[in-house]
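Asks: Residue-level listing of the chains:
Number of protein chains: 2
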Amino acid sequence: MIRTQGTHILLELWQVPELSLSDFAFVKNTLIQATTASCTSYEGFKFSKCKPTGISGVLLLKEGHLSVRTWPERGYASFDIYTCGGEVSARKAMKYLVETLKPGKHNAITIERGFETNEAMQIKINEVV
Amino acid sequence: MIRTQGTHILLELWQVPELSLSDFAFVKNTLIQATTASCTSYEGFKFSKCKPTGISGVLLLKEGHLSVRTWPERGYASFDIYTCGGEVSARKAMKYLVETLKPGKHNAITIERGFETNEAMQIKINEVV
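Residue numbers (the numbering used here), protein chains in the order written: chain A, 1493 to 1621; chain B, 1493 to 1621.
Please keep in mind that the hints were generated in silico from the structure rather than gathered at the bench.
Don't take each hint at face value.
Derived DEER-like restraints, expressed as beta-carbon distance ranges [said to hold, decoys possible]:
hint : chain 1 : residue 1 : chain 2 : residue 2 : range
1    : A       : Lys1597   : B       : Arg1495   : 17 to 25 Å
2    : B       : Gln1507   : A       : Lys1616   : 23 to 31 Å
3    : A       : Thr1528   : B       : Cys1531   : 36 to 44 Å
4    : A       : Glu1510   : B       : Lys1554   : 41 to 49 Å
5    : B       : Leu1511   : A       : Lys1554   : 40 to 48 Å
6    : A       : Glu1608   : B       : Asp1515   : 40 to 48 Å
7    : A       : Glu1510   : B       : Gly1596   : 44 to 52 Å
For each residue, glycine too, the CB sits at the ideal point set by N, CA and C.
Let's have the full structure, built from the sequences with the hints guiding it.
Replies: In structure tokens:
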């Protein structure tokens, strides 16, 4: 039986140092390293500098994707972690991102997707990490 | 003032013809065309074939991202539409995806992200399209 279930975490970080969020190589490497932390591997990625500032990126996993968008001058970054490798894998990636970027505040929503039984997504608002 | 707000739609389609969801060029072109439908443009993309079947892809927008994962043998596909171009733009992309893939059923969750005032994400469970 092929399972369609996936865990999707929407993560928001606040009060992150501006220099971290405007450092292209640092943001890119952090997202790539999050795949290692969650024991997944990636197929490819695309990152871009935003105007006037900030970094946007997506990373295709074998079983989902990661994404990032940073607003350095607001100390804010939004992330997505979507994996079919289970909630543990997704939470490891989240933990790595929070520990690496050291936000003053963060919040997350976990959404369990792809339930064939009732065809509705299950939402959990987390206390995280 | 630089706004951090973004609209994120998590969209799930069920009962989609298996042939549509296993057609690499069709799935890729549909996601690319969704950017045109929503009046946005993209910076790059990465698509991959899954094992044993299915297609996975991410598309980096100037102001967010789109993603897709299909399970053809289950008639199921999950999409993400995250844009800082406003809810109207995101909903246009969603409408295009539903009209193009013609699912028997679909459901979506809209999440408004990046509110500086209360630093919490706002969730809306939609009746869509």
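Asks: Could you check the hint for me, namely that Glu1510 of chain A and Gly1596 of chain B are 44 to 52 Å apart, CB to CB?
Replies: holds, 48 Å
Asks: Is it true that the C-beta distance of Glu1510 of chain A to Lys1554 of chain B lies inside 41 to 49 Å, as the hint says?
Replies: violated, 22 Å
Asks: Could you say whether the range 40 to 48 Å given as a hint is met by the Cβ separation of Glu1608 of chain A and Asp1515 of chain B?
Replies: violated, 22 Å
Asks: Return holds or violated for the Cβ distance of Lys1597 of chain A and Arg1495 of chain B against the range 17 to 25 Å.
Replies: Roughly 19 Å apart at Cβ, these two residues keep to the hinted range, so it holds.
Asks: Per the hint of 40 to 48 Å, is the separation of the Cβ atoms of Leu1511 of chain B and Lys1554 of chain A within bounds?
Replies: About 24 Å separates the Cβ atoms of Leu1511 of chain B and Lys1554 of chain A, which means 40 to 48 Å is violated.
Asks: Is 23 to 31 Å right for how far apart the beta carbons of Gln1507 of chain B and Lys1616 of chain A are?
Replies: holds, 26 Å
Asks: May I ask you to test the hint 36 to 44 Å on the CB atoms belonging to Thr1528 of chain A and Cys1531 of chain B?
Replies: holds, 37 Å
Checked against the numbered hints given earlier, the structure breaks hints 4, 5, 6 and satisfies all the rest.
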